[in-house]
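Novice: Could you put the whole structure together from the sequences, leaning on the hints where they help?
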Amino acid sequence: MQKSYKLENLCCAHCAANMEHAIKKINGVQSAAVVFMTQKLILEADEENFPAVLEEVKKAIRKVEPDCKIIEP
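Throughout the sequence shown, residue numbering follows the numbering used here, covering 1 to 73 in sequence.
Since the hints were derived computationally from the structure, they do not count as laboratory data.
Hints are not guaranteed to be accurate.
[What the hints assert, rightly or not] Result set (DMTMM-like, lysine to aspartate or glutamate): computed pairs, CA atoms no more than 20 Å apart in a straight line:
1) K24 x E48
2) K3 x E48
3) K6 x E56
4) K6 x E20
5) K58 x E20
6) K3 x E55
7) K59 x D46
8) K58 x E44
9) K24 x D46
10) K59 x E72
11) K6 x D67
12) K6 x E72
13) K24 x E65
14) K6 x E65
These figures come from a predicted structure and were not determined experimentally.
Specialist: Here's what the structure looks like:
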């Protein structure tokens, strides 16, 4: 399952790259892309584990950029 999320308060491309690298290491993540220019996260993970994976992704994002938030639809 693939979903796209808007990121709020993403400060720079370097932070975006660090977030992407950290997210890709999370168990259950099949692919991830953090696009600084559009301020978006594109996340692909198993459907049954998606909520748990998303929580781990939020933690990884906060470690890199504490003010950055995922805006869920």
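Novice: So, for every hint listed, does it hold in this structure?
Specialist: For each hint, the structure was consulted:
no.: 1; hint: K24 x E48; verdict: 18 Å, holds
no.: 2; hint: K3 x E48; verdict: 14 Å, holds
no.: 3; hint: K6 x E56; verdict: 17 Å, holds
no.: 4; hint: K6 x E20; verdict: 14 Å, holds
no.: 5; hint: K58 x E20; verdict: 12 Å, holds
no.: 6; hint: K3 x E55; verdict: 14 Å, holds
no.: 7; hint: K59 x D46; verdict: 18 Å, holds
no.: 8; hint: K58 x E44; verdict: 14 Å, holds
no.: 9; hint: K24 x D46; verdict: 14 Å, holds
no.: 10; hint: K59 x E72; verdict: 15 Å, holds
no.: 11; hint: K6 x D67; verdict: 14 Å, holds
no.: 12; hint: K6 x E72; verdict: 7 Å, holds
no.: 13; hint: K24 x E65; verdict: 16 Å, holds
no.: 14; hint: K6 x E65; verdict: 15 Å, holds
In terms of the numbered hints stated before, the structure departs from none.
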